[in-house]
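Going down the list, the sequences are from chains A and D.
Numbering of the first sequence is given in our numbering, commencing with residue 1 and proceeding in unit increments.
Numbering of the second sequence is given in our numbering, commencing with residue 1 and proceeding in unit increments.
Treat the hints loosely; a few may be bogus.
[To be verified] Cut-off 30 Å, straight-line C-alpha distance, at most; resulting in silico cross-link-like pairs (DSBU-like, lysine-lysine):
id: 1; chain 1: A; residue 1: 316; chain 2: D; residue 2: 204
id: 2; chain 1: D; residue 1: 202; chain 2: A; residue 2: 420
id: 3; chain 1: A; residue 1: 420; chain 2: D; residue 2: 31
It should be emphasised that the hints constitute simulated quantities derived from the structure, not laboratory data.
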Amino acid sequence: MNVLDIKDLRVEFPGRKSVFVAVDEVSLKVEAGKILGVVGESGAGKSTVGNAVIGLLQEPGHIAGGQVYLHGQRIDELPYKKMRQLRGRKIGMIFQDPLTSLDPLQTVEAQLVETIRTHLPLSGKEAQQRAIELIDAVGIPNPAERIKQYPHQFSGGMRQRVVIALALCAEPELVIADEPTTALDVSIQAQILELMKKLCEERNVAMLVITHDMGVIADITDHVAVMYHGELVEYGETNQVLGAPNHPYTQSLISAVPRPDIKVERFPVVNYIEKAGTPQKHIDISTHWLGKSREYEKVNGPLVQIRDLEMRFETKGSVFPSQREYFHAVKKVSFDINEGETFGLVGESGSGKSTVARVVTGLYHPSGGSILFGNTELTSLKNQRETMAMRRQMQMIFQDPYSSLNARMRVKDIIAEPIKFHKLASSNSEVRQIVDDLLDHVGLGAAAGLKFPHEFSGGQRQRISIARALATRPRFLICDEPTSALDVSIQAQILNLLKDLQEELGLTMLFISHDLAVIRQMCNRIGVMRNGELCEVADCDQLFENPQHEYTQQLLNLMPSMELLSRANLETA
Amino acid sequence: MADVSTSNSEPKGRLARIIDSDLFHSFLRSKVTVVAAVMTLLLFLVAFLAPWVAPHNPFDLATISILDARVPPVWMEFADPRFLLGTDDQGRDLLSGIFYGMRISLIVGFCSVIAAAIIGITAGLVAGYMGGRVDAIIMRIADVQLTFPAILIALLIDGVAAGIFGGIDREVFAFYILIVALALSFWVQYARTVRGSTMVEKNKEYVQAARVIGIPSVIIMVRHILPNVMGPVLVIATINLALAIVTESSLSFLGVGMPPTQPSLGTLIAIGNDFLYSGEWWIAIFPGIALALLVLNVNLLGDWLRDALNPKLR
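Construct all of the structure, not just a fragment, from the sequences and the given hints.
Shown next as structure tokens:
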């Protein structure tokens, strides 16, 4: 019998002007001991399905049609009080961010015992015993001691284990996990997924996993439902759907996932992807203003040489130098970037890779070491004029497309600012022409210039960011996780765009990412960072085929396996 | 206020964007706010158009007669139909006096709010963006300032100014001294708010992008950060306008504000206060009601603006 049975679910969010249908006619089933994955890109309505089942739809959203059954009992029409008894008791929930889903002021034990005693008729002692068992079951060592600690004493992965223990407190029949591993590093993600799969089988729990990540789907789910704009486009056994997708959307979604195993020239261009805009005309770079950037001085040897770079932040200030305490974000990092190549920096969160980028651009002043850019030593630049000349040559693309554009400026002003500031054009009309061409060139179309950033989607904003970075005619582009906030299909587009631009303009790039597959697609040479140290630098293929450093090997082993994904129709797509 | 929130689709004119915005919509939904807005607008109009709307000119000595002094409002005995709300002790029409007085109160209010905002925003931006020692110095000054109540500071400045410009005609300088006094007592709030928001905005990536482009700090502060921290400033300014009017009236009532020759609402109340117990209640009560109405409506507007711009309260 199905534990969860969703029939023709329809969720509506009435707005001021129209009713937004977040979920339309979705029917799903989950059996005990099985995992159903719901996959889709942002705005597909996948989280809304989970929230509708557990009765936590955000106002003014409501279920407008269909039924939800838990073990044959209809639950979508239950009054609030009855629903509250189900939550936690029969349905457990695992949230995305382990940092915010635990109460920081209560010990883990207190939170577990409270949940257990709310739902089960146990004494304090028994509940405590049960809490220890649960903590043991989710694989936290020394459960009896660890349970007395506060959430901040656990690492991110350990916290997510506690959250899972909380969800399992009252022996629920169904667990809903909304992006359970998105906030975690790869190595921890693999462990958590394994744990979820194990618990699901051992305890015969039905699990609904909501994710945007095809790797997660391929790793742990038995069945998968693919959602697109609130509709269910494909639903079936995971092997079946991923191996031989029927619907064109599923096909395009799968083909957009970067491959960690082989380097492809370009991501396949597929339908079903949001259009960026309507570029008017094609620009011949060799004659255009943009192409006239090659007047920079010739460099013998690498363009960027970083030697023994050190960066530390003061964590405890004091008048006396001996009393100060520091956090070492970057320790003795040295590498070269050759002209025209893409150098990748990969590492988990806190490895110091973004700090390196910010030091190179001059956002942070390094504590030690040297950065040689061309023939200029960046750390010894003194006056404004020298710095300005350097700033023009290197530009940066940031991670978060929502905060990297000033919300109060029109797009054309955002892009015109660097041109005007560096006096790269002679007249205002020339600036306007250049801005229009830039917008065309990044695929948005000149009409986009009149709008404000909030009128664009994440991918489009990232294109605006790229246009702004190109507006100083840089020779060196630093990309700090440029696609990690984007959906896979958009990511594929942006990565293609970056590749095209690099080819046309002969850009040198420093590409920073936590995603090994993306790094493999983009980079010529790769540096692996951990805890502020550079573990290994190698050519792309060599690093993936024959990793030397222990940590690199470990990272590569932990990559979610994509073997299930159909690659057959990739070439034809 | 224009682009606090706008809808997507094609670029539109400013007016169309305002009417379409969520802010305007939330305004229409709140009946109290609409009434407050209409009342405020009405009071502003009467005040600023006083020379044209007022039935008399209380400053035109030729039309004033001491024989008309202390005439009660029209619905009472011994009233004069020329004076709707009666007259004060010098025979000036009270209604006209209120119109003109409100004008002075509002001008003082607006000027001091603008002055305070300029001082406060600048201090807050610099403190928040620079951080470190500059921040510490500016904010310590603000802290010290905050330990004195506004009225005390205003009295202090008035006293000091009177000492310095002792010989000069008070009637000319009272206006400017008032504005400086009010501005100096209200700037701290702006500085604190702007500093907080600046520290948040400073770490956002668009500011870092501007730094990577090489734009100097001053331009980053003014062009990039300032427009993004104006929301809360607008709220404080509205609420402070009411506060400034009240403080101005208190000062005038105490005799250190506007002189009786250029009466503000506070001065009018002060004049009326002398006659309150001798039966001529209208001289104090009507300016008092006008002041209460003005402050209440402006405050209601400010409260709505605060709630509408604060996503947490929605």
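Hint by hint, here is what the structure shows:
| no. | hint | in the structure |
| --- | --- | --- |
| 1 | 316/A to 204/D | holds (24 Å) |
| 2 | 202/D to 420/A | holds (22 Å) |
| 3 | 420/A to 31/D | violated (47 Å) |
Hint 3 from the earlier list is the only one contradicted by this structure; the remaining hints agree with it.
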